[in-house]
Amino acid sequence: MSVIGEPGQRVEQTTPASAPAAAAPAKPHLPWGGSTLLRHLALVALAAVVLLGLTYWLEPFRNYQLATVAAYLCATAGLTVLTGLNGQLSLGHGALMAAGAYTVALTQQMLTDRGATGVGVLVVSLGCGVLVSLLAGAVIGVAAARLRGPYLAGVTLAVALVVPALAITFDGTLGGEQGLSFYVDPPPAALGPYFPYERWQAWLALAGALLVMLLLANLVRSRFGRSLRAVRDDEVAARLAGIHVARTQVLAFVVSAACAGLGGGLLAVLAQSVSPGAFSMTLSLFLLMAIVVGGLGSLAGAVWGALLLVILPELTHLITEQFTLAPATAQRLDGNLPLALFGGTLVVVMIVAPGGIQRVLVRLARRIDPRRRTAPGPEER
Amino acid sequence: MDRFVFLTFDGLVRGVVLAAFALALVLIWRAARIVNFAQGAMAVASVYVAYSVTAATGSYWIGFAAALLAGLALGTLVDVAVMRFVDHSSPLNAVIVALGLVLLLQAVLGMTYGNEYLPVAAPLSRDALSIGGLALLSRYDLFVFAAVLVVVVALALLFTRTPVGLRMRAAAFAPQVSRLLGVNVGGMLTLGWALAAGVGALAGMLVLPTELGLHPNAMDLVFVSAFTAAVVGGLDSPAGAVVGGVAVGLILSYVSGYVGSDTAPIAVLVLLLAVLLIRPNGLFSSAQARHV
Chain A
2 MSVIGEPGQR VEQTTPASAP AAAAPAKPHL PWGGSTLLRH LALVALAAVV
52 LLGLTYWLEP FRNYQLATVA AYLCATAGLT VLTGLNGQLS LGHGALMAAG
102 AYTVALTQQM LTDRGATGVG VLVVSLGCGV LVSLLAGAVI GVAAARLRGP
152 YLAGVTLAVA LVVPALAITF DGTLGGEQGL SFYVDPPPAA LGPYFPYERW
202 QAWLALAGAL LVMLLLANLV RSRFGRSLRA VRDDEVAARL AGIHVARTQV
252 LAFVVSAACA GLGGGLLAVL AQSVSPGAFS MTLSLFLLMA IVVGGLGSLA
302 GAVWGALLLV ILPELTHLIT EQFTLAPATA QRLDGNLPLA LFGGTLVVVM
352 IVAPGGIQRV LVRLARRIDP RRRTAPGPEE R
Chain B
286 MDRFVFLTFD GLVRGVVLAA FALALVLIWR AARIVNFAQG AMAVASVYVA
336 YSVTAATGSY WIGFAAALLA GLALGTLVDV AVMRFVDHSS PLNAVIVALG
386 LVLLLQAVLG MTYGNEYLPV AAPLSRDALS IGGLALLSRY DLFVFAAVLV
436 VVVALALLFT RTPVGLRMRA AAFAPQVSRL LGVNVGGMLT LGWALAAGVG
486 ALAGMLVLPT ELGLHPNAMD LVFVSAFTAA VVGGLDSPAG AVVGGVAVGL
536 ILSYVSGYVG SDTAPIAVLV LLLAVLLIRP NGLFSSAQAR HV
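The listed protein sequences correspond, in order, to chains A and B.
Per our numbering, residue 2 is the first one in the first sequence, and the count goes up by one each step.
Per our numbering, residue 286 is the first one in the second sequence, and the count goes up by one each step.
Because the hints were derived from the structure by calculation, they are not lab data.
Even for Gly, the Cβ is constructed at its ideal location relative to N, Cα and C.
Take every hint as true, because none was put in to throw you off.
Computed footprint of chain B on chain A, listed as stretches where at least three residues anywhere in the stretch have a Cβ under 8 angstroms from a Cβ of chain B: (1) 78-92; (2) 149-156; (3) 343-354.
Residues of chain A clear of chain B, computed beta-carbon distances all greater than 10 angstroms: (4) Leu-39; (5) Ala-49; (6) Leu-53; (7) Glu-60; (8) Phe-62; (9) Arg-63; (10) Leu-112; (11) Pro-194; (12) Gln-273; (13) Val-361; (14) Val-363.
Isolated chain A, as found in the complex:
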């Protein structure tokens, strides 16, 4: 009997509690009328302008690194939506990136053999890469929706290990250990004859990354984004609230895989080649490290993570250069020191600061600006 009485009681309790929150709109007058899409579009446009200026200011090698960050960002942003917001741990995102990269390589080879040129070729092959990894993600996602926790991690780990095996088994088309190399058109002639190639690469990768960030930012704030979090926090409650749990999980995997495919495709375009060694299990673990250290479940955290993936190896390289080491020792350190740093950081961050860099930054911002204290941003879980 008391069960029937409960809803009424609850309404009475919540109305006064929620009234002050509604009566005190913390938001000032917003020029975009409070539309999430417009706000995100404005942010992306701002970021695009800043980054465009940056590509003119940076030297070619830094532009190439910026392009690499952008390519990683596609993958980390997708992974953080899957792992951070939907609670599905994937150790196979390196493999999904490989799917995108190999598709781009094959399409690019096929199209340039037919004599096609221009930016359109690249767009078509990147689109194919996204499509193939999306399909691969759908297949894995259907299996993943039935698996939980460590089981899912084990399956996706096996997926990550399969890449080299597939490349060698189908070495006729995938090129075995050596992989594939392909031709990418130079920057369009309209940009002038002396346009640096690295700046063009940075533009391509940044365009992809900004597109991914815009789409994911809207997705996260949407009804679907809320379903993702509901499923992560309590599957039973989500089901009772009318959310189709399995469908949400599969969709999350598909979205995440498409982003990883674009990231892998962009990496392949930057290197103009693909090989199984570039998409090893370590890459999958690096992506996981990036999103955890950046801040699990936050898109801003994915940006920090992608930056770390490029900056940390560079930093360790600079440090080892300070010491005069035997060439053999230097070589050992060069490959392994970033790895050790990544692993150590991952363990320490998980234990000491599970919210990662983004959580720390949000806390700092709140300490400096007390107005923010009242409204915990949606970035925070």
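Fit chain B to the known structure of chain A by using the hints.
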């Protein structure tokens, strides 16, 4: 037919090693509800210790003992220094921390020993003994069988016949009640980690002479195969781990022999998916209440 018989025996030998490794996974799962994704890297680290000790003393057996001790020590260290501090409210956390350990261990090994394959010698001849005209098992294979058998029997006796084993089971089954009754639950957990890592080190010592050689990533595929074996048997069941290990070993041997050794990882993935989708709790686990 000869080939089939050969592959069967080869698969059995692979299988018992996988069984030992899967047993290590099951030990930690039963004690702490954690799948130790760092098991492979920990085992490789122990084998590197054996490599160094053998190189220094010239005796394989001193190295063998050193590997087991290193495994026990590493397991204790991982629990006391790392896993104890992990927030276990989400099962993802322990997995992520274990993966961090994988990166860390592999990097440290790579820095110390280099990322080349180091040759590992078997202590006994790997030439097959001829029985009735059929070359079946080598002395080393017999040693592998014996070593795994000793470990399995010892663990079974430990858990079913000794007070320590009883306390370990109690600590895993009902931590709060055991603590009230005076069982050192944390200590039992650490002991579980140490034992599991020791068994893992043994499996590493047994498997590496039959593989390409010693390398920081040498156990990656072995780990996934052993995980598959543990899942086939059900993560909760030690007997299941042994049966699952032998089954996976046989399947891998047939696939490598008849299709090609490069396809082994694909076979592992297919097998793992098939088992998880058909019987997620494993073939040997008891029925469980379903969560809605």
